[in-house]
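Given the coordinates of chain L, assemble chain U onto it according to the supplied hints.
2 protein chains.
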Amino acid sequence: MASETYDLVVIGGGPAGYAAAIRAGQLGKKVACVEYERAGGTCLNWGCIPSKALLKAAEIVSHIREAKSFGIAVGEPEVDFAKVMGRSRNVADQMAKGIEFLFRKNKVEYFVGRARVTVPGIVEIVEGRDKGTFFKTDRTMIATGCKARRLPGLKVDGKHVMTSREALAMKVQPKSIAIIGAGAIGVEFAYFLNTLGTKTTLIEMLDRIVPVEDEEISEALHRAFKKQGIDVRPKTKVENIKVGKDSVKLDLVKGDKRENLEVETVLLSIGVEANTEGLLSPRVRLDMDRGYIKVNDRYESSIPGIFAAGDIIGPPWLAHVATYEAVQAVNGMFGVAKPKRVTTYPGCTYCNPQIASVGLTEVKAKENGIKYKVGRFPFSASGKAVAINQPNGFVKLILDAHHGELLGAHIIGENATELIGEYVLAEKAELTGEDIHSTIHAHPTMSEALMEAAASAYDEAIHI
Amino acid sequence: MASETYDLVVIGGGPAGYAAAIRAGQLGKKVACVEYERAGGTCLNWGCIPSKALLKAAEIVSHIREAKSFGIAVGEPEVDFAKVMGRSRNVADQMAKGIEFLFRKNKVEYFVGRARVTVPGIVEIVEGRDKGTFFKTDRTMIATGCKARRLPGLKVDGKHVMTSREALAMKVQPKSIAIIGAGAIGVEFAYFLNTLGTKTTLIEMLDRIVPVEDEEISEALHRAFKKQGIDVRPKTKVENIKVGKDSVKLDLVKGDKRENLEVETVLLSIGVEANTEGLLSPRVRLDMDRGYIKVNDRYESSIPGIFAAGDIIGPPWLAHVATYEAVQAVNGMFGVAKPKRVTTYPGCTYCNPQIASVGLTEVKAKENGIKYKVGRFPFSASGKAVAINQPNGFVKLILDAHHGELLGAHIIGENATELIGEYVLAEKAELTGEDIHSTIHAHPTMSEALMEAAASAYDEAIHI
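Chains as they are written, first to last, in this note's numbering: chain L, 1407 to 1870; chain U, 1407 to 1870.
The hints are simulated quantities; they were obtained by calculation from the structure and are not laboratory data.
Be aware that a few hints might be false.
[Unchecked claim] Here are the simulated lysine-lysine pairs, BS3-like style, with alpha carbons at most 25 angstroms apart: (1) LYS1779(U) <-> LYS1834(L); (2) LYS1489(U) <-> LYS1474(L); (3) LYS1834(U) <-> LYS1834(L); (4) LYS1605(U) <-> LYS1561(U); (5) LYS1511(U) <-> LYS1779(L); (6) LYS1834(U) <-> LYS1779(L); (7) LYS1513(U) <-> LYS1436(U); (8) LYS1503(L) <-> LYS1489(L); (9) LYS1553(U) <-> LYS1700(U); (10) LYS1537(L) <-> LYS1553(L); (11) LYS1474(L) <-> LYS1474(U); (12) LYS1746(U) <-> LYS1435(U); (13) LYS1489(L) <-> LYS1474(U); (14) LYS1474(L) <-> LYS1633(L); (15) LYS1435(L) <-> LYS1513(L); (16) LYS1474(U) <-> LYS1577(L); (17) LYS1770(L) <-> LYS1641(L); (18) LYS1663(L) <-> LYS1648(L); (19) LYS1489(U) <-> LYS1503(U); (20) LYS1581(L) <-> LYS1474(U); (21) LYS1511(L) <-> LYS1779(U); (22) LYS1632(L) <-> LYS1581(L); (23) LYS1511(U) <-> LYS1435(U); (24) LYS1605(L) <-> LYS1565(L); (25) LYS1605(L) <-> LYS1577(L); (26) LYS1581(U) <-> LYS1474(L); (27) LYS1577(U) <-> LYS1474(L); (28) LYS1643(U) <-> LYS1565(U); (29) LYS1605(L) <-> LYS1633(L); (30) LYS1537(U) <-> LYS1553(U); (31) LYS1565(U) <-> LYS1655(U); (32) LYS1834(U) <-> LYS1772(U); (33) LYS1577(L) <-> LYS1489(L); (34) LYS1633(L) <-> LYS1581(L); (35) LYS1660(L) <-> LYS1643(L); (36) LYS1660(U) <-> LYS1641(U).
In isolation and in its complexed conformation, chain L is listed as follows:
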């Protein structure tokens, strides 16, 4: 197939890449997808999916521990850490096979190796299993995503120093860990490891953990984590990291206070950076913005015919946003539909309590000078939440003060990551608080809180 011309060559097999390839396949296009490692990319193999398997295991441990309060006697759970991790790897493997199946089903030609755009219209595999493969293509989609950021001078050895990637392949549970960075990945690992018995210190340079979330959400998670026994350290910098034979020593610096910490392992969860190394030959010069590929409203880069979608075009670095962008880009490049850029999307954090949000935080609404009103509902007033012993957390809504459009929504508590879907649809469809309030929600469910939070903005909530 050396000199065949493809309709589309996709570089990267993650949530943007595989979705682009499958969508092009659905449209009957001749499409190849080149993935360096395994179909599914980071999300499926080293991110979203395997981490959810781990978090579920931690949740089961929590459930077993609280069984007594339901009248169920059971011994203390014994966690076989290697098995927990092994199941997570199996889940990732199963899902990766699923993507490979979808490739065959949609006639996507799948290649393994590191691809390079040699000149516009030519892609070569320069490393890996299918090295030497050469594609002529009318369209190229770059979807190589991001990788975990590292600290300069600190070697990631997979034992004492890890990123999320190595952490998802741990064989032995660390006795203690310092997690540097309290965004979604940091707090998910903090919940998981702490629940399984690792002494966990969670360190965040900014004012509060999960700093992109609404302030009240950060406060609530901070309280919950402290109660769970996690040592939560906001406003704290890490200095002098020294990796020894059996442990890592580091300094925690908060204002003018300095404290020593010694842990078995350090996890770096300090953000991501673009995977562009070796991607473009020197002849291919794309406009970039802080390391990310700049694209127009059709997801096309500064060179016609070279498209990009997903993490490689910059924040918010979310799998579901990546998939959406990729499908839009493909619809656009083949003239199926006018591609849309992303406006409304949810963000989810799967620690316990779960966090989910969409749209503006209250602080952002204020900064933007928007007149808003707030609706709230605590799960302690929800019959379902009390019945299932999950009365912690709340729903907070930001509504436009004049017309009541949903501007932002923030949920912390059981099932938050599933509940947010309704609000995302509402915000996307430009519905109002009144639309949500006047929709009958099933009783008894946690989702009633979504309705009552909307009602509360008009002082019409029945249950508070």
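This is chain U only, laid out in the frame that chain L set:
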């Protein structure tokens, strides 16, 4: 307060009654609520809420049993049945106190006893704690709800023969049970008791269990229940029920086959009937329809000033519908807003797997001669479902063939009862499959299946 005139007297303190009273209180009205038993009514004391506490206990037992597959070793759970039931009663008690608190907060005067409408504008308490209390009122709201139907000639003794009410107060777990009627209540008890080790026979006269749901949902639940070890008997009538000293004997009749069954206990879950006994003096003659109070679009009965809402005005006998109706009625009677009648509402069944639906089943769409298309997505193709070991079940959508409006949605599987909320909002707001498909859903969540089911109707689902 014998001869004061009230703005509103509400008879019944369940989801319709307490909501009506609280809403009137919010509006600053002088309102009384008369409840025969306890604030919260059947739903909160003997229905939705305590049953969810029981079902959660069963779920925890299931979780413990499947812990091993996650790499967590733990002994077989020992269920203290009395404690499980006791917790359920405590939850009901706590929620009832919550309603009493809301009454005080909203200045609702709360009375306990059996109320009777003596003449229009006069309500008396004729039995119970506050017997003899006499209300002059401009408006009366009847919200006395329903009670479980019984079989003629079969005495409910709370030991060998129960309705859901007695079943929620069981002290001892029956070794075997025949559940007559496989609607929501029947299947919820079947799941709960079978999981805890009761030999369970589930009997349904109609063609299939959960007969109001989509046919495919009934089939899926039937399969799941059989796998759980429940003896599922559709198309089966019960005859010759004979209550002995230690057991109940009955005949199961299917077509021309007759089979004997001997069980410790029979649970009747064969529907409900209106609570109207003693409610109206002979001078107050309301138009009725098959035992239910007929109301107009303002929830007003055939006698001006007498309103009714909730189960007492007939199907669908759902708490959330009752609350909605009551609030609408109160808004209308005090001129706050034009009351709306119920059009779109979810139905939920909290067995495992859970079931949730809204709008038309496929059969109904066919019967109505509607041109529709079907969207589907199996949870086995959902990364989140696989990661949390809940790959069973599916989403099925009925969309209008021309414009794509959502006409019906059916979900069976983990979390179905929370997931349905998004579809209810979509149907209520007259959104289309395309609106749902083009809304970014968080990855990885079960709610992605809602989007993919919509996409599949247009052959654009990525993951199947």
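Hints versus structure:
no. : hint                      : verdict
1   : LYS1779(U) <-> LYS1834(L) : holds, 24 angstroms
2   : LYS1489(U) <-> LYS1474(L) : holds, 9 angstroms
3   : LYS1834(U) <-> LYS1834(L) : holds, 15 angstroms
4   : LYS1605(U) <-> LYS1561(U) : holds, 23 angstroms
5   : LYS1511(U) <-> LYS1779(L) : holds, 23 angstroms
6   : LYS1834(U) <-> LYS1779(L) : holds, 24 angstroms
7   : LYS1513(U) <-> LYS1436(U) : holds, 8 angstroms
8   : LYS1503(L) <-> LYS1489(L) : holds, 21 angstroms
9   : LYS1553(U) <-> LYS1700(U) : holds, 18 angstroms
10  : LYS1537(L) <-> LYS1553(L) : holds, 22 angstroms
11  : LYS1474(L) <-> LYS1474(U) : holds, 19 angstroms
12  : LYS1746(U) <-> LYS1435(U) : holds, 21 angstroms
13  : LYS1489(L) <-> LYS1474(U) : holds, 9 angstroms
14  : LYS1474(L) <-> LYS1633(L) : holds, 19 angstroms
15  : LYS1435(L) <-> LYS1513(L) : holds, 9 angstroms
16  : LYS1474(U) <-> LYS1577(L) : holds, 18 angstroms
17  : LYS1770(L) <-> LYS1641(L) : holds, 21 angstroms
18  : LYS1663(L) <-> LYS1648(L) : holds, 19 angstroms
19  : LYS1489(U) <-> LYS1503(U) : holds, 21 angstroms
20  : LYS1581(L) <-> LYS1474(U) : holds, 23 angstroms
21  : LYS1511(L) <-> LYS1779(U) : holds, 23 angstroms
22  : LYS1632(L) <-> LYS1581(L) : holds, 18 angstroms
23  : LYS1511(U) <-> LYS1435(U) : holds, 13 angstroms
24  : LYS1605(L) <-> LYS1565(L) : holds, 16 angstroms
25  : LYS1605(L) <-> LYS1577(L) : holds, 17 angstroms
26  : LYS1581(U) <-> LYS1474(L) : holds, 23 angstroms
27  : LYS1577(U) <-> LYS1474(L) : holds, 18 angstroms
28  : LYS1643(U) <-> LYS1565(U) : holds, 22 angstroms
29  : LYS1605(L) <-> LYS1633(L) : holds, 14 angstroms
30  : LYS1537(U) <-> LYS1553(U) : holds, 22 angstroms
31  : LYS1565(U) <-> LYS1655(U) : holds, 14 angstroms
32  : LYS1834(U) <-> LYS1772(U) : holds, 21 angstroms
33  : LYS1577(L) <-> LYS1489(L) : holds, 9 angstroms
34  : LYS1633(L) <-> LYS1581(L) : holds, 19 angstroms
35  : LYS1660(L) <-> LYS1643(L) : holds, 6 angstroms
36  : LYS1660(U) <-> LYS1641(U) : holds, 6 angstroms
In terms of the numbered hints stated before, the structure departs from none.
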